[in-house]
Amino acid sequence: MEYWVILISAVFVNNIVLSQFLGICPFLGVSGKVSTSVGMSGAVLFVMTIATTVTYLLHQYLLLPLGLDYLRTITFILVIAALVQMVEIVLKKVSPPLYQALGVFLPLITTNCAVLGVAILALGLVDASLLKAVFFAFSSSLGFALALILFASIREYLELANLPEGMKGVPINLLVAGILSLAFLGFAGLV
Amino acid sequence: MTVKKKASSLFNMVFALFAITLIAGISLGYVNELTLEPKARARLERKVNALKNVLPAFTNSPVDEAVRLSWEGAPDSLEFYPAMQDSTLVGVAVTGGSEKGYNGTVRLLVGFNPDGSIRNIAVLEQKETPGLGTKMKGEAFLKQFREKDPATFDLRVRKDGGQVDALAGATISTRAFAEAVQQAYEVYRSQMEGRPNQTRKP
Amino acid sequence: MGHSSTDQQVYIHQGVVSEISGTTIKVTLDADVHCESCRAKALCGVAESGGKEVEITAAGGPYRLHEPVEVILRKDLGQQAVFWAYLLPFLLMLATLLTTSLFLEEWAAGAASLFILIPYYFLVSRFGNYFKKTFRISLLKPD
Amino acid sequence: MKQTPGPKENFLKGIIKENPVFVMLLGMCPTLGVTSSAYNGLGMGVATLFVLLMSNVVVSLIKTQIPAKVRIPAFIVVIASFVTIVEMVLEAFIPFLYEQLGIFIPLIVVNCLILGRAEAFASKNNLPASVIDALGMGIGFTLALTVLGATREVLGNGSLFGFRFVPEDANTFILFILPPGAFIALSYLAIAFNRLTRKVA
Amino acid sequence: MDSILNSVILLTLLGVVAGLVLYVVSKKFHVHENPLIAQVEELLPGANCAGCGSPGCRSFAEKLVGSEDISDLFCPVGGNEVMKWVSEALGKEVAEKDPTVAVVRCQGSCEVRPKTSEYQGPRSCAISALIYSGETDCQYGCLGDGDCVAACSFDAMYMDEATGLPVVITDKCTSCGMCVTACPRDIIEMRPKNKRDLKVYVGCLNEEKGGLAKKACSVACIGCSKCIDACPKDAITIENNLAYIDPEYCTLCRKCVPVCPTHSIIETNFPPRKVKVAPAPDTAGSVTVKPQSDA
Amino acid sequence: MESQPIIVSASPHVHSDRTSKRLMYDVVIALIPAFLVSVYVFGIPALITTTTAVVSCLLFEYLIQKYLMKTETTLGDGSALITGILLAFNLPAGLPVWMVIAGSLVAIGIAKWSFGGLGFNVFNPALVGRVFLLISFPVQMTLWPMAAEGVGPNVDAVAGATTLGILKEGLQFGETMSTLAPRIPSGMDMLLGFTSGSLGEMSALALLAGGGYLLARRVISWHIPVVVLATMALMTGIFWAVDPEHYANPLIHLLSGGAILGAFYMATDLVTSPVTRKGMVVFAIGIGVLTVVIRLFGSYPEGISFAILIMNAFVPLINRYFKPRRFGSRIKAKIV
Amino acid sequence: MLKTFPKGGIHPPENKLTSGQPIRRMGIPKTVYVPIAQHIGIPAEIIVERKDKVTIGQVIARSGGYVSSNIHAPVAGTVTKLDMIVDTSGYKKQCIVIRTDEKDPANAEVPEWPLKSEITLSPEEILQRISDYGIVGLGGATFPAHVKLHIKKDQHLDCLIVNGVECEPYLTADHRLMLEKTDEILVGIRILMHALGVGRAIIGIENNKRDAIERFRERCPKGSGIQIAALQVKYPQGGEKQLVRALLGREVPKNGLPLDVGVVVHNVGTIFAIYQAVQHNRPLMERVVTVTGKHLQAPSNFWARIGTPIADLLEAVGGVPEATRKIVSGGPMMGKALKSTDVPVTKGTSGILVIGEEEASRGEPRNCIRCGECVSVCPMGLEPHLLMNLTEKGMYSHASNEDILTCIECGSCSYVCPSHRPLLDYIRFGKSVVKGLTPKTA
Ligand SMILES: Cc1cc2nc3c(=O)[nH]c(=O)nc-3n(C[C@H](O)[C@H](O)[C@H](O)COP(=O)(O)O)c2cc1C
Ligand SMILES: Cc1cc2nc3c(=O)[nH]c(=O)nc-3n(C[C@H](O)[C@H](O)[C@H](O)COP(=O)(O)O)c2cc1C
Ligand SMILES: Cc1cc2nc3c(=O)[nH]c(=O)nc-3n(C[C@H](O)[C@H](O)[C@H](O)COP(=O)(O)O)c2cc1C
Ligand SMILES: Cc1cc2nc3c(=O)[nH]c(=O)nc-3n(C[C@H](O)[C@H](O)[C@H](O)CO)c2cc1C
Ligand code: SF4
Ligand code: SF4
Ligand code: SF4
Ligand code: SF4
Ligand code: FES
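Protein chains in written order, with this note's numbering: chain Z, 1 to 191; chain C, 1001 to 1202; chain V, 2001 to 2143; chain A, 3001 to 3201; chain G, 4001 to 4295; chain U, 5001 to 5336; chain F, 6001 to 6442.
Calculated from the structure, these hints are not laboratory results.
The reader is advised that the hints may include incorrect statements.
What the hints assert, rightly or not - Here are the computed distance ranges between Cβ atoms for each label pair: (1) Z/GLY169 - U/ALA5241: 28 to 38 Å; (2) C/ALA1040 - U/LEU5068: 15 to 25 Å; (3) G/ASP4229 - F/THR6080: 26 to 36 Å; (4) G/PRO4099 - U/THR5071: 46 to 56 Å; (5) C/ASP1165 - V/TRP2107: 47 to 57 Å; (6) G/ILE4238 - F/LYS6435: 27 to 37 Å.
The beta-carbon is built from N, C-alpha and C at its ideal position, and this holds for glycine as well.
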């Protein structure tokens, strides 16, 4: 698979949120402000990349040779959980002011199923390599960012709408996601 | 509501985790041992089922005797599965593919009778539009290929001058399908040329 | 809720004073306002470290323990922090991976790209003063 | 002021008042991702129910032995183990479902529902209560997924649990078995559920 | 067997490493969440009405826990009962407040107060008050666009379509005071709510001299001071041609009510009088109301 | 003066005579020529489809307002009428009636009223309805009917596939523009409407006439339609210049499919397009680029519906970043 | 191409019915009602009592602070009452009621004062005179002129702009004044230039008043530093920020004043009042008022004493017609609708507009269709539809971020909105909340 195919596919055609259904919780839950979602996208970009790098190596050079690929799920989740915490510790250690600024700005960097999902999906790429896996993680987080930022802006906008009582909150968010996903079907066949 | 917990000393923590992972490791390893065989069987079955679908009854293990070959114009390797009944070749299953489906790849497994006519076709992979292109899996469509010899049956859509009846509204998928069959047929021909007598030593 | 300032250029977060020692006070930040409405907040996030804290050298008025306060940060600083904390290391990793994979084995290249973060964070810690000056957070008592 | 709920309430709350899908919105990814048919929804629901039940049992049994600070990683290990077991069993014995659910089986690990119940309930309650809680929540989850799957399958494919009740060449709303249909169907089902439960209450 | 061993080794290794990492995390990220806050929040009614002055129940809980002296903090919705719980939970003194209820101090229905102009624009008291004194000639009375009703989050008010005035449903009113803030005319007052919800108050705010006031509205207080004379407890004062009954001194004897020449004094929920003096218009203050969707 | 009290209201006390209702009916008027052409070309089926869409849209609007929203009904404002007409214009003439009704339900119920009705919807209702149908019923939605007997000089060209369909299919299977040329209708036919396609997109000329009317009445500004078409022309022009054998020329692209219908009537929907001129230009460039990308490289022969829907989603962002410049925000005091 | 401001603006029908009507003098009213809050800022303090005899031009209420202004008796007579009376704000306010002494010769109609073009006072004396004689801006805002003319040391001023734009439909008071008092205004400008020490003045006049432009061009002495600029007809060109932008290309910063770009803007009426005060010792006691409306028998321009009941003016044009549905003090775009005709003329009353049924009723508001018309006409570059929405939803801090406070309340947005949204009503309310003047609930 070529790199541009991976990119177009992960961002538009098979957007991880809108068509793969990964990371729906933060998508629906934390995307109320555009500036926050931009920041959050940056964080997800890093977390996904580093997580995919580590898990890919772990899988390729430890699990597979040892015949332990059935431990994929449990090892991945442990590694990702610990990794995210490590990043936080390191940040806090090396630069408290930076860490604090992030704390004010970004409510949370969730390790959600998107990170685990992307790590697992990256293993299944056609003629996978580390570089491709990382590039896939990068593209996926771009897709996540696109969906998140679009969605945040629409939600800000809908705050001013006279939504019907029952539609408020989750239903309208799901509906917007649905129509967005419908529109993204137009990208079918680009890759 | 308050439950007495162990204190969070370093030792306690590490020990608790050690114990839990130990148990987890043992049990997972054990379950893996238990399911190793069924898993392999299930994987094999999926292939064999497809093969059974397109081939007559056989006694050998076509999967083990499969030939993989690379083919011009095919991105992945193609597979060639001979089916034998008591060392008589009773049929051959060949994979064939086309990139020209409505949404990309269409991959088929085509079963040939020893005389070169098509016995049956199974769809291995396709991403066509549900309700349109996906109808290629339907009996109504597949029926037209049975017992047709590609040597005489023009594997092109009628619109393009061939003999294949296109799916309604899915000419493109049909073309890709036909192309895949054609490819499988060519692989079949090329492989069979190397086997002049249609039998094989046991 | 989130905003109460008239200046769009700042980011405001609610929190509670959780520790006071001399002139530095610690504020535990409330979960994001949007999480607030989410019923699953308590259950969310596998590796969430719970409440976040910021430490502020306080100016202006005595603060009491558990007092609700507003923490204020300039918005562009937030984006800047994301850049230093996540984007730059990401780019660094990517660059290292790309260059080293030209002449190293895959696993080595991967490891290199991970290890590059060590000197990076070391550098960041060296520049502590710069960050300290840049990322100034202020406190406000909501009335 | 507040009385402790009995086992019946405990069980029912998972199905109605705190339905993990329609009310709590937990585990949205599998909810949306696998429900293109009632069968898949049911399968995913049962798999989740199993993991939830088992991990609630284990967590409630070992709760006193776990220091507070390694609670989460310990729970993760427990949950991930059961997920792996489910994964292996499905692959071995129900390969069709295994293929359909795909990546969402390992993702059961991060389904907030499971960790949430372990953390919020099982780690504080005794075994029977935890079992009931898990059953309630799990069944609530399963029901919701099945209903969503059924809705999508009926609208999108004109069938229910694979039984097609419209003629072969009838037109159905294919959209509902595609990704957008998942969002849209869940959106309106959530409204319907909330209306219904409010009316009942 | 090999596989089991491998898996055990790998997993335990990972487990221990993760355990160590998380141990360090827990050391570094110790959270000082005071459990009291959550506990107090549980006690509060959770209406998030802001009647206490804090934006929501949670921040009120934080305030309660954080402040040393909480005697001037009060949750009007929960009332004394909740404050008592809070007091028990925190071991701090709380103030006890007599329950109050909102009353509408204007009786200027369409019949008694003729419209002299027609307002066109958004139906909001605050907005029309920015433009002029209102559709009638009384610039003190109710504007009738229902900002108070909109502000009430307990459905305790509605607009009476016949009179064009808001009505408080006393049983539902939690005394949160949002309507008082919403009204640009200060029409609404919080008055004590006794057991049977008996009230006596002046239903007018018109500060103009008698004649002018009366011209604008036939039930306006004209400041004639007859009620002062009738009141045995000196509970009534007149300022700017307007009488006010101080609830602290008023004993609800109702002597002032019949003497008012314009019927501007309102009594509610009293048993019928033996001698029927011209009945006060049963507009505002009545509690027997037909439930009605608000305007 | 005695009889009626004097009116008091805030300034201003005068009002321009443009009303939103009139804007809407101007759009309806502008669509009449195209409608007449389609009735001429397709006959009764066009009439049935359009009537069904309009009636069902109005009906759903009425029912939803009356029974679900429980508000006053505002059928007269013309917006549901336009949605109905434009939905029909995006469907093949003679689509089964129940599908048309389903599309109307999606347009009015899901895309419009779930968001709170006129003015609050983020996505173009008619297009949501159309795309919903396209995805759900691809066969019927791409079954282009033949023209009525004896219509036009070139009956052959009216049968079967659309121009874009012919292009997509042909080029994908190794044909070139020169071998395809005989099957592509002439520019004149496309202008007049003797090709095949959705009900309302037939005649470029009729659509342009209506568009001109809208521009003249200042219902729409030129920014969106002109920039959409210019972007499309530029992009297809580049590809065509590089490889004329594998890419159709810009004229074919502009005159075929829904380019003009989309650019003039759907991308300009006031509710779902940006408010500032700058924003409109960005929005329109986005539509042009996406349309061409989908047409040339995607699965679908025509991409403008998707392009508009995707750009609809960008409108809040565009409105946020392309605000009018505040007076006095950039101080350029030049005191002598 | 004539000069104008670049962004936004509208062109409502001009309806200048009275531009050919010379300014009439109507008799001295029998009673005048002089409110003490006639200007922006602190109301003046009453210094007379009931039964006091007052002479014409006597100070009857003294400036109540720095941003305030003296108020003079517009007639000679007796104070009969200190009363509350409804003024243009729609509320009752303090006012001084004076019964005219018909016998007092001072009350006789003012003779035409001969032009006095020689400037004898020093700048300080001029400014003192302006302050003492109760001069406030007559362009609408009634901002005390001495405050505006007080230039601090560190402020640089290089141009006086005279606002003869009169962009409001219907109104012709400034137009007539410019035609009839051309020379006086030119002297007034010179007085101000002298007082402020600036060498340059520009009179901005919209091109629909060709005659006034010609007249000024004829009379304006060469080399006086006074320029006459014809402007394209566009509302709200009379707004000072727009006018400064149109004439000088300078943009007054967001929360700034014209002075920040070296300019002071005054209305022609103010200039004439200054001329009268400085050259003829006449405090501000009367002003030009256009009484107009399509249903009126004889729409006219008047010299009206401050305190004259509007009813008197309406009487003078043939009474209030049957069809009247709305009476506006000021022009149709920015004027205030009155509840009754008992309201007196004040320093800020530039016109009385009587509107019939066809224009008086507002259309039923409908949902915003985001057509962006309001955005494109807003001369301040605001997004009125957004501001209204934010106010409606109570998101005041957001509205403040969207610069709600910079709205000049010109009403262009409400004028054009095809959905009849009461945009300005909400924006005005939002502004008052943001400024902290109104409780935060709508
Ligand atoms: C939403 C949609 C989905 C489509 N899916 C397919 C498909 O799966 N397979 C296919 O061959 N063509 C598909 N098409 C292409 C058209 O149906 C195309 O016109 C058709 O292939 C050629 O028409 P015919 O088969 O009737 O000759 C699709 C078109 C649309 C609009
Ligand atoms: C508090 C305040 C101070 C002002 N100070 C000055 C000033 O120093 N110089 C000046 O030229 N105008 C000053 N102004 C007047 C304004 O520039 C402006 O002329 C007045 O508000 C009326 O303008 P408008 O009629 O365009 O609304 C001031 C206004 C206010 C409200
Ligand atoms: C929308 C708007 C329109 C205005 N139109 C005029 C006008 O036509 N003529 C005028 O003299 N002042 C007009 N003004 C007032 C001017 O902004 C400014 O206050 C005045 O010219 C200052 O002069 P003054 O202090 O002498 O009144 C307008 C103000 C606004 C906000
Ligand atoms: C210029 C113009 C274009 C319009 N285009 C559409 C359209 O493409 N689709 C639609 O459903 N409604 C359209 N409408 C009608 C109306 O704006 C639409 O129903 C709203 O989006 C519903 O909130 C249009 C209206 C105008 C004035
Ligand atoms: S009536 Fe007033 S005080 Fe009572 S609950 Fe409603 S808003 Fe609160
Ligand atoms: S009481 Fe006050 S807020 Fe309520 S309707 Fe009357 S004026 Fe409005
Ligand atoms: S009233 Fe305010 S918002 Fe409206 S156009 Fe004028 S300046 Fe802009
Ligand atoms: S002019 Fe009216 S309809 Fe148009 S955007 Fe502004 S408020 Fe909305
Ligand atoms: S289930 Fe929560 S993010 Fe996927």
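Verification of the supplied hints:
no. : hint                              : result
1   : Z/GLY169 - U/ALA5241: 28 to 38 Å  : violated (51 Å)
2   : C/ALA1040 - U/LEU5068: 15 to 25 Å : violated (56 Å)
3   : G/ASP4229 - F/THR6080: 26 to 36 Å : holds (33 Å)
4   : G/PRO4099 - U/THR5071: 46 to 56 Å : violated (38 Å)
5   : C/ASP1165 - V/TRP2107: 47 to 57 Å : holds (54 Å)
6   : G/ILE4238 - F/LYS6435: 27 to 37 Å : holds (35 Å)
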